[in-house]
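Respectively, the protein sequence lines represent chains D and H.
Start counting the first sequence at 97; every next residue gets the next number (the numbering used here).
Start counting the second sequence at 10; every next residue gets the next number (the numbering used here).
Each hint should be verified, as a subset may be incorrect.
Stated by the list, open to error - Simulated pairs of lysine-lysine, DSSO-like, Cα-Cα distance not exceeding 30 Å: (1) 120(D) to 66(H); (2) 120(D) to 29(H); (3) 66(H) to 200(D); (4) 225(D) to 214(D); (5) 29(H) to 120(H); (6) 56(H) to 120(D); (7) 214(D) to 30(H); (8) 214(D) to 120(H); (9) 66(H) to 56(H); (10) 225(D) to 56(H); (11) 200(D) to 56(H).
Calculated directly from the structure, the hints in this document are not laboratory data.
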Amino acid sequence: MVHVIIYILILFMLLAALIALEAKNLLSSVVSIGAVGFMLSVVFLLLRAPDIAIIQVIIEILTLVILIRATIAVDVHLVKNIRQFFPFAICMVLLLLLFMFASKAMDLLPEFGNYLSKVAPHYLANGLKETGSANIVTSVILDYRAYDTLGEATVLFTAILGAVVLLRRKAKND
Amino acid sequence: MIYILCLILFFIGLYGIFCKKNLIKIVLGFIIMENAVNLFLILLGYKNNGIAPIMTKSMRLDEFLASSVDPLPQALVLTSIVIGLAVTALMVAVAIRIYERFGTFDITEIKRLKG
Chain D
97 MVHVIIYILI LFMLLAALIA LEAKNLLSSV VSIGAVGFML SVVFLLLRAP DIAIIQVIIE
157 ILTLVILIRA TIAVDVHLVK NIRQFFPFAI CMVLLLLLFM FASKAMDLLP EFGNYLSKVA
217 PHYLANGLKE TGSANIVTSV ILDYRAYDTL GEATVLFTAI LGAVVLLRRK AKND
Chain H
10 MIYILCLILF FIGLYGIFCK KNLIKIVLGF IIMENAVNLF LILLGYKNNG IAPIMTKSMR
70 LDEFLASSVD PLPQALVLTS IVIGLAVTAL MVAVAIRIYE RFGTFDITEI KRLKG
């Protein structure tokens with residue numbers, strides 16, 4: 097039952113993603129990308145990842161705010177769709193080729209719903225004892241792999257710094 | 010099969026990056042790809058009839074061990090989602106600056122205006 101719901105939601109995500117890319121109006125494509133994100137958060141919830149689902153909702157709202165800030169400032173919302181045939185055809189052929197190789201690789205993956213990584217049993221068995229956190233995801237983020245989180249904070253800081261520098265109204269020495 | 014659907018989502022994002030001429034559409038392609046990759050990692054960690062990796066008082070350790078989903082991809086995806094937001098903000102900032110400079114989001118027109 098859960099599998100069927102996940103399949104249906106992913107199909108809707110595919111549809112919303114296509115609409116987002118093909119819509120003529122920029123605002124409506126931004127709204128469609130919001131639909132993709134919120135459906136993704138429901139899928140996360142069904143895949144037993146509540147932490148990720150919460151984070152995904154928050155991040156999706158912030159993404160929508162940022163994207164709407166970008167599109168609302170634009171005078172003309174409509175996208176011109178002039179498409180030369182030849183480059184488009186080459187692009188599609190390349191994508192198709194890549195897709196064939198990638199789907200071959202997908203056959204090598206373990207079957208859906210049966211795989212557990214090798215380190216996971218250790219975390220699950222000793223997480224509560226060693227870190228004192230009942231939520232094992234938290235104990236992985238903030239204890240076992242705290243250096244990753246530190247690196248994440250650095251990347252976040254750098255990216256936001258770049259955005260702020262780009263959007264600054266005026267340079268110091270104009 | 011479910012991995013293939015995820016792969017199709019990834020390729021829709023890739024198509025957006027390759028074939029679209031509007032900067033905002035390219036950013037949307039990036040977001041779709043990012044969502045697909047996150048979904049794929051969480052799908053890999055799923056276990057049939059699993060429970061969330063959160064201990065409760067009434068739960069014995071061995072049954073928790075037998076039924077919990079993989080916590081490691083969840084922890085790393087949490088990191089990657091947040092980084093994705095920051096990168097999106099950076100890309101949108103670049104796009105807004107380009108719009109203010111050239112008055113358009115269309116990358117072909119920007120190329121024409123350069124010379």
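Here is what the structure says about each hint:
1. For the proposed pair residue 120(D) and residue 66(H), the alpha carbon gap of about 53 Å is over 30 Å, so the pair is violated.
2. This hinted pair checks out: residue 120(D) and residue 29(H) have alpha carbons roughly 12 Å apart, not beyond 30 Å.
3. Distance hint between residue 66(H) and residue 200(D) is unfulfilled; the C-alpha atoms sit about 44 Å from each other, more than 30 Å.
4. The suggested pairing of residue 225(D) with residue 214(D) holds, with an alpha-carbon distance near 19 Å, which does not exceed 30 Å.
5. Pair hint residue 29(H) plus residue 120(H) holds up; C-alpha atoms about 15 Å apart against a cutoff of 30 Å.
6. This hinted pair does not check out: residue 56(H) and residue 120(D) have alpha carbons roughly 41 Å apart, beyond 30 Å.
7. Restraint check for residue 214(D) and residue 30(H): the C-alpha separation of about 44 Å exceeds 30 Å, so the hint is violated.
8. A hinted pair counts as satisfied when its Cα atoms are at most 30 Å apart, and residue 214(D) with residue 120(H) does not qualify at roughly 50 Å.
9. Only pairs whose Cα atoms come within 30 Å are accepted, and residue 66(H) paired with residue 56(H) is accepted, the gap being roughly 22 Å.
10. For the hint linking residue 225(D) to residue 56(H), the alpha-carbon distance of about 23 Å falls within 30 Å, and the restraint holds.
11. Between the alpha carbons of residue 200(D) and residue 56(H) the distance comes to roughly 23 Å, so the proposed pair stays at or under 30 Å and holds.
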